[in-house]
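A.B. asks: Could you build all of it, start to finish, from the sequences and the hints given here?
Sequences listed follow chains A and B, in order. Sequential numbering of the first sequence, starting at 0, is according to numbering that gives the first Met the number 0. Sequential numbering of the second sequence, starting at 0, is according to numbering that gives the first Met the number 0.
Derived by calculation from the structure, the hints in this document are not laboratory data. Treat the hints with care, as some may be off.
It does not matter which identical chain is used: a pair holds within one copy or between any two.
[As the list claims (entries may be wrong)] Think about it this way: if two alpha-carbon atoms lie no more than 25 Å apart in a straight line, the pair counts; the simulated SDA-like pairs of lysine to any residue are:
1. 202 / 173
2. 268 / 17
3. 86 / 298
4. 210 / 145
5. 199 / 255
6. 199 / 143
7. 268 / 321
8. 268 / 56
9. 210 / 261
10. 210 / 185
11. 202 / 257
12. 199 / 213
13. 268 / 283
14. 86 / 215
15. 86 / 185
16. 210 / 87
17. 268 / 204
18. 202 / 32
19. 268 / 72
20. 202 / 171
21. 202 / 260
There are 2 protein chains.
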Amino acid sequence: MSQIRSREVHLVNRPAGTPARGDFAVVETALDPPARGEVQVRNLWLSVDPYMRGLMGTTRTYIDPYHLGEVMTGGAVGTVEVSRHPKLAEGDLVLSNHGWRDRFVASGDGVHPIDPTLAPPQAFLGVMGMPGFTAWLGIHEIARLEARETVFVTGAAGAVGSVACQLARRLGARVVASAGSDDKVRWLADQAGVEAFNYKQTKHLYRQLVKLCRDGFDVTFDNVGGDHLEAALLAMRNHGRVVLCGMIGQYNAERPPAGPSSLVVAITKRLTLRGFIAFDHAGLEPRFQAEMAGLIASRQIRWTETVYEGLENAPAAFIGLFSGANTGKMLVRL
Amino acid sequence: MSQIRSREVHLVNRPAGTPARGDFAVVETALDPPARGEVQVRNLWLSVDPYMRGLMGTTRTYIDPYHLGEVMTGGAVGTVEVSRHPKLAEGDLVLSNHGWRDRFVASGDGVHPIDPTLAPPQAFLGVMGMPGFTAWLGIHEIARLEARETVFVTGAAGAVGSVACQLARRLGARVVASAGSDDKVRWLADQAGVEAFNYKQTKHLYRQLVKLCRDGFDVTFDNVGGDHLEAALLAMRNHGRVVLCGMIGQYNAERPPAGPSSLVVAITKRLTLRGFIAFDHAGLEPRFQAEMAGLIASRQIRWTETVYEGLENAPAAFIGLFSGANTGKMLVRL
Numbered sequence: 000m001s002q003i004r005s006r007e008v009h010l011v012n013r014p015a016g017t018p019a020r021g022d023f024a025v026v027e028t029a030l031d032p033p034a035r036g037e038v039q040v041r042n043l044w045l046s047v048d049p050y051m052r053g054l055m056g057t058t059r060t061y062i063d064p065y066h067l068g069e070v071m072t073g074g075a076v077g078t079v080e081v082s083r084h085p086k087l088a089e090g091d092l093v094l095s096n097h098g099w100r101d102r103f104v105a106s107g108d109g110v111h112p113i114d115p116t117l118a119p120p121q122a123f124l125g126v127m128g129m130p131g132f133t134a135w136l137g138i139h140e141i142a143r144l145e146a147r148e149t150v151f152v153t154g155a156a157g158a159v160g161s162v163a164c165q166l167a168r169r170l171g172a173r174v175v176a177s178a179g180s181d182d183k184v185r186w187l188a189d190q191a192g193v194e195a196f197n198y199k200q201t202k203h204l205y206r207q208l209v210k211l212c213r214d215g216f217d218v219t220f221d222n223v224g225g226d227h228l229e230a231a232l233l234a235m236r237n238h239g240r241v242v243l244c245g246m247i248g249q250y251n252a253e254r255p256p257a258g259p260s261s262l263v264v265a266i267t268k269r270l271t272l273r274g275f276i277a278f279d280h281a282g283l284e285p286r287f288q289a290e291m292a293g294l295i296a297s298r299q300i301r302w303t304e305t306v307y308e309g310l311e312n313a314p315a316a317f318i319g320l321f322s323g324a325n326t327g328k329m330l331v332r333l
Numbered sequence: 000m001s002q003i004r005s006r007e008v009h010l011v012n013r014p015a016g017t018p019a020r021g022d023f024a025v026v027e028t029a030l031d032p033p034a035r036g037e038v039q040v041r042n043l044w045l046s047v048d049p050y051m052r053g054l055m056g057t058t059r060t061y062i063d064p065y066h067l068g069e070v071m072t073g074g075a076v077g078t079v080e081v082s083r084h085p086k087l088a089e090g091d092l093v094l095s096n097h098g099w100r101d102r103f104v105a106s107g108d109g110v111h112p113i114d115p116t117l118a119p120p121q122a123f124l125g126v127m128g129m130p131g132f133t134a135w136l137g138i139h140e141i142a143r144l145e146a147r148e149t150v151f152v153t154g155a156a157g158a159v160g161s162v163a164c165q166l167a168r169r170l171g172a173r174v175v176a177s178a179g180s181d182d183k184v185r186w187l188a189d190q191a192g193v194e195a196f197n198y199k200q201t202k203h204l205y206r207q208l209v210k211l212c213r214d215g216f217d218v219t220f221d222n223v224g225g226d227h228l229e230a231a232l233l234a235m236r237n238h239g240r241v242v243l244c245g246m247i248g249q250y251n252a253e254r255p256p257a258g259p260s261s262l263v264v265a266i267t268k269r270l271t272l273r274g275f276i277a278f279d280h281a282g283l284e285p286r287f288q289a290e291m292a293g294l295i296a297s298r299q300i301r302w303t304e305t306v307y308e309g310l311e312n313a314p315a316a317f318i319g320l321f322s323g324a325n326t327g328k329m330l331v332r333l
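C.D. replies: As structure tokens, then:
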């Protein structure tokens with residue numbers, strides 16, 4: 000019996016600063032056929048996400064860092080080609096975390112069927128998946144945003160931010176959103192229905208925030224960190240809540256950049272800043288999925304995707320996250 | 000009828016950087032005798048507190064800044080000399096917020112009798128007063144510290160820190176405390192019963208914290224900010240809570256200093272940072288006072304004071320807060 004060929008992307012060098020193509024290598028592998036309990040999956044869509052940058056160093060954070068010379072793990076959607084697992088059948092669409100590879104053979108227990116009647120398959124890597132869940136948690140569980148409150152969303156045109164904006168609007172909150180291009184701002188205004196501005200065209204971020212929202216924000220949903228967080232703190236109302244979701248502006252810094260010089264206002268304004276990670280809240284995922292499926296079915300939520308083609312372009316797609324190359328979810332189509 | 004003379008300390012210049020004696024002036028005034036509902040009080044003890052520095056600029060924070068050419072308001076304990084208020088009698092010991100002056104005449108409604116059988120009068124400016132209440136709130140309400148948790152207290156020999164350390168110990172928590180002199184460290188070890196170190200003798204604060212507490216802190220109670228907060232964040236356990244009580248290390252900075260470069264770990268470790276101000280929680284003050292009076296009566300809490308003599312030395316006492324001249328509560332005795 001001939002072995003099945005696959006290709007996968009390995010991390011071969013721990014990047015210093017912004018990752019480069021040379022930090023990755025496409026490697027040909029041979030797969031053994033599935034043993035009992037295993038499945039063989041052909042991936043259709045790969046996810047590239049900012050959190051992956053945090054796993055490229057040597058420090059253990061909430062999960063182990065990537066190993067050099069091994070595959071870049073992460074979310075992927077594929078179809079089952081061969082199943083020796085009782086709950087999975089050939090042709091099933093499945094979500095897995097086996098990462099940047101054309102095909103894999105693995106235990107069926109770590110492979111989760113998705114229902115393509117709820118959303119397009121790749122949406123399970125975006126609005127219906129981890130980024131959507133992160134946005135939902137940040138708005139509902141961490142910020143506990145309420146109607147008539149005002150929220151500032153940074154990195155608002157990204158996979159998380161774009162969903163956070165819309166969930167906040169649906170609650171009846173006022174949303175001010177920052178993004179890094181006029182196209183993104185247009186998408187946010189037209190599709191997400193929020194007040195967006197291009198921070199790259201803004202000389203003084205704090206003054207811009209005050210201009211847009213003189214009374215200050217009840218909540219900031221921060222995906223960017225750095226000067227965004229610094230300005231946001233200054234623009235918060237007393238007793239406001241700051242959701243620390245991401246700091247994409249500094250993940251590539253070779254030395255830890257200075258924190259927000261405005262942090263002292265967390266005392267005078269009695270702010271709460273709270274960091275979170277979606278996987279702590281797995282128990283809420285079914286509720287999220289049911290709610291999001293309902294919003295998608297009733298066309299009450301919009302999303303967009305930026306798609307790179309081919310496994311060999313997964314590194315480029317990933318690197319593009321840090322220059323804002325994506326509007327909405329960044330994906331790789333195989 | 001001859002007018003009563005008093006002296007008071009005015010802020011006459013908004014300090015840039017560390018306040019100087021010349022930013023204050025002692026001014027002689029004449030007091031009108033109390034009208035109906037008013038009292039005349041001779042102050043015995045004045046409080047100088049770090050929060051006062053935040054009121055010396057032009058920015059409104061949680062209360063209005065000081066006015067130039069007016070008295071430095073703040074806590075004081077005195078005796079009633081003349082009362083035209085039905086609830087106050089000559090000889091009563093009272094707590095007020097009329098600040099740095101020998102005597103004042105004011106409405107009796109803003110003057111609060113204290114019970115000298117509970118604690119020495121000046122303790123109502125320290126362990127039984129605002130600093131003690133701040134410590135109690137930070138430990139119980141903000142951190143919600145629990146037995147067997149580990150807490151790092153910065154500025155631990157100050158009026159707030161020294162009480163926070165002991166309240167934490169009483170809960171059954173492990174306390175690691177930083178202070179700025181060997182004498183303070185000795186006081187903390189001998190009197191507060193905590194593990195203290197002199198951060199000025201510590202080359203690398205984070206490594207020191209790891210050495211003392213390899214598993215990390217559940218809670219940091221931060222009175223200092225700056226590199227203390229930066230190291231503390233790195234030394235926190237997952238899901239830890241950081242009480243932002245003060246940032247005395249930066250109140251005199253002429254430009255806002257950089258924030259903690261380690262703030263990104265608030266995401267990976269899912270930390271909550273929460274700023275608070277005691278006066279938001281006035282409803283809890285009776286409970287605090289009853290508990291603290293009980294601890295004092297049963298000699299379960301220790302405190303110490305650093306005392307400057309004479310109204311004219313109130314500025315020096317205040318300025319001394321920023322060089323760590325005090326162990327325990329900094330007071331001015333009139």
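A.B. asks: Decide, hint by hint, whether the structure agrees.
C.D. replies: Evaluated hints:
For the homomeric pair residue 202 and residue 173, the shortest alpha-carbon distance inside one copy (23 Å) is at most 25 Å, but the shortest distance between copies (48 Å) is not. Within a single copy, residue 268 and residue 17 get their C-alpha atoms only as close as 35 Å, which misses the 25 Å cut-off; across copies the closest is 23 Å, which meets it. In this assembly of identical chains, the alpha carbons of residue 86 and residue 298 never lie at most 25 Å apart, being 31 Å within a copy and 67 Å across copies at closest. With identical chains, the CA atoms of residue 210 and residue 145 are at most 25 Å apart within one copy only, with a shortest distance of 22 Å there and 43 Å across copies.
In this assembly of identical chains, the alpha carbons of residue 199 and residue 255 lie at most 25 Å apart whether taken from the same copy (23 Å) or from different copies (24 Å). In this assembly of identical chains, the alpha carbons of residue 199 and residue 143 never lie at most 25 Å apart, being 30 Å within a copy and 42 Å across copies at closest. In this assembly of identical chains, the alpha carbons of residue 268 and residue 321 lie at most 25 Å apart only when taken from different copies (22 Å versus 32 Å within one copy). In the homo-oligomer, the alpha carbons of residue 268 and residue 56 lie at most 25 Å apart only across protomers (16 Å), although the nearest pairing inside one protomer, at 35 Å, exceeds that limit.
In the homo-oligomer, the alpha carbons of residue 210 and residue 261 lie at most 25 Å apart inside one protomer (19 Å), although the nearest pairing across protomers, at 30 Å, exceeds that limit. Proximity of residue 210 and residue 185 under a CA criterion of 25 Å is satisfied intra-copy only: 19 Å inside one chain copy versus 52 Å between copies. Proximity of residue 202 and residue 257 under a CA criterion of 25 Å is satisfied in both settings, with 20 Å inside one chain copy and 20 Å between copies. Taking identical chains as interchangeable, the C-alpha atoms of residue 199 and residue 213 lie at most 25 Å apart only when both belong to the same chain, with a minimum of 21 Å there against 43 Å between chains.
Only between protomers do residue 268 and residue 283 lie at most 25 Å apart by alpha-carbon distance; the minimum there is 20 Å, versus 31 Å within a single protomer. Taking the closest pair of Cα atoms, residue 86 and residue 215 never come within 25 Å of each other, the shortest separation being 52 Å inside a single copy and 42 Å across copies. Proximity of residue 86 to residue 185 under the C-alpha cut-off of 25 Å is found in neither arrangement, the shortest distances being 44 Å within a copy and 66 Å between copies. Taking the shortest alpha-carbon separations for residue 210 and residue 87, neither the intra-copy value of 55 Å nor the inter-copy value of 50 Å comes in at or below 25 Å.
With identical chains, the CA atoms of residue 268 and residue 204 are at most 25 Å apart within one copy only, with a shortest distance of 19 Å there and 28 Å across copies. In this homomeric assembly, residue 202 and residue 32 never come within 25 Å of each other (Cα to Cα): the closest approach is 58 Å inside a single copy and 57 Å across copies. Taking CA atoms no more than 25 Å apart as the test, residue 268 paired with residue 72 passes between copies only; the shortest distance there is 21 Å, against 41 Å inside one copy. In this assembly of identical chains, residue 202 and residue 171 lie within 25 Å of each other by CA distance neither inside one copy nor across copies; the values are 30 Å within and 51 Å between.
When the C-alpha separation of residue 202 and residue 260 is checked against a cutoff of 25 Å, the pair qualifies both within a copy, at 18 Å, and between copies, at 24 Å.
When each numbered hint is compared with the structure, violations occur for hints 3, 6, 14, 15, 16, 18 and 20.
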